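Novice: Chain F is already provided as a structure; the job is to place chain A on it using the hints.
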Amino acid sequence: MVRSIALGLAAGLLSATAVFAQTPPAAAPAQPAAAAAPSPFLFPGDAGVILNFVKADKTADFEMVLGKVKEALAKSDKPERKAQAAGWKVFKATEPGPGGAVIYVFVMDPVAKGAEYKVGDILVEGFAAEGQTLYKTYSDAYGTPAIGALLHLTKVVELGK
Amino acid sequence: MLSANPAFAQAAPAAPAPNATPAKSPYMFTGDAALTVNVVKADRTADFEMIVGKLQEALQKSVRPERTQQAAGWKVYKASEPGPSGSVMYVFLFDPVVKDTDYTPSAILAEGALEDVRPLYKALSDALASLTILNLSLVSDFSK
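First to last, the protein sequences are chains F and A. Here the numbering used here is used: the first residue of the first sequence is 290, the next is one more, and so on. Here the numbering used here is used: the first residue of the second sequence is 78, the next is one more, and so on.
No lab work stands behind these hints: they were computed from the structure. Owing to the predicted nature of the structure, the values given are computational and were not obtained by experimental measurement. Any given hint could turn out to be false.
Derived DEER-like restraints, expressed as beta-carbon distance ranges [claimed, not checked]:
1. Lys221(A) <-> Pro333(F): 25 to 31 Å
2. Thr383(F) <-> Ala190(A): 29 to 35 Å
3. Thr107(A) <-> Thr426(F): 26 to 32 Å
4. Ser139(A) <-> Thr348(F): 36 to 42 Å
5. Ala345(F) <-> Lys138(A): 40 to 46 Å
Looking from chain A toward chain F, a few residues come up when the C-beta cut is under 10 Å (computed) [claimed, not checked]:
6. Gly130
7. Ala148
8. Lys152
9. Leu170
10. Phe219
Just so you know, even glycine gets a beta-carbon here, dropped at the ideal spot from N, CA and C.
Next comes chain F alone, as it looks inside the complex (with noise of 0.2 Å):
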């Protein structure tokens, strides 16, 4: 039996919906705001694995916006982002996603405690206004679903200890 990934991982599955929402409401509640839900970029246990389902034409892009993201962490003067950067990789897997995405895997681990793991953020502080224009690319190179999965891991064992 082959299962599509989106089905199999389906209770992992965040919407691009809440995933990439940037717009601020429009108005503002008439109740009280309820406790905000964590980020779900932000990773509590030991690592994190998010699967990223991109357009077969916008690789090129995605993989490109994924430099700048290295080059950000790599010149920032914040402690977490250098965390972040010496426990983040990104694979290309070789089976194809829903609709003939391509399925590019981020691995965190370890993860940085406490630190917001979001693309958006880091392009902006790295790169001002065109860290914008550079997560605007990185958008439009999601395919639907964009994320297959988002994972908060905590590790089990180390086969080899």
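Specialist: Below, chain A alone, put in the same frame as chain F:
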């Protein structure tokens, strides 16, 4: 992406046709790294973690150097997010992959086993609701 069925099938297959090429194991990883998402039934997590422990033991006591290398790059994680129908997701991360070496759990368990490992195969098969396997090529290591 594969379901648990092909990866963990234990039943004897029908005799292959003459000159048939054996199917390549999905646990022979071809890239720099690999990731599997093991969706485990909620009431079988203890069985699954027990088997992970047996895998660790088998890898560590193996006299084959490639098994030691496999163990060195193999980490097991549990996801905070629930899987479908309340299942529990365990992620195996293999980084780096030992090329041309089979990571099939049943084969590792069977190597050097002094006990009958068939109950372990069955427990593993029974615990898994589904399995996703991804072969990965490194695009960028942000630390370098």
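Novice: For each hint, tell me whether it holds in the structure or not.
Specialist: Hint by hint, here is what the structure shows:
1. Lys221(A) <-> Pro333(F): 25 to 31 Å: holds (26 Å)
2. Thr383(F) <-> Ala190(A): 29 to 35 Å: 32 Å Cβ-Cβ, so the 29 to 35 Å window holds.
3. Thr107(A) <-> Thr426(F): 26 to 32 Å: Since Thr107(A) and Thr426(F) have Cβ atoms about 30 Å apart, the given range 26 to 32 Å holds.
4. Ser139(A) <-> Thr348(F): 36 to 42 Å: holds (39 Å)
5. Ala345(F) <-> Lys138(A): 40 to 46 Å: Distance hint for Ala345(F), Lys138(A) holds at roughly 45 Å.
6. Gly130: holds (7 Å)
7. Ala148: holds (4 Å)
8. Lys152: holds (5 Å)
9. Leu170: Holds, because the Cβ-Cβ distance from Leu170(A) to chain F comes to roughly 7 Å (cut-off 10 Å).
10. Phe219: Hint on Phe219(A): holds, closest Cβ of chain F at ~4 Å, below 10 Å.
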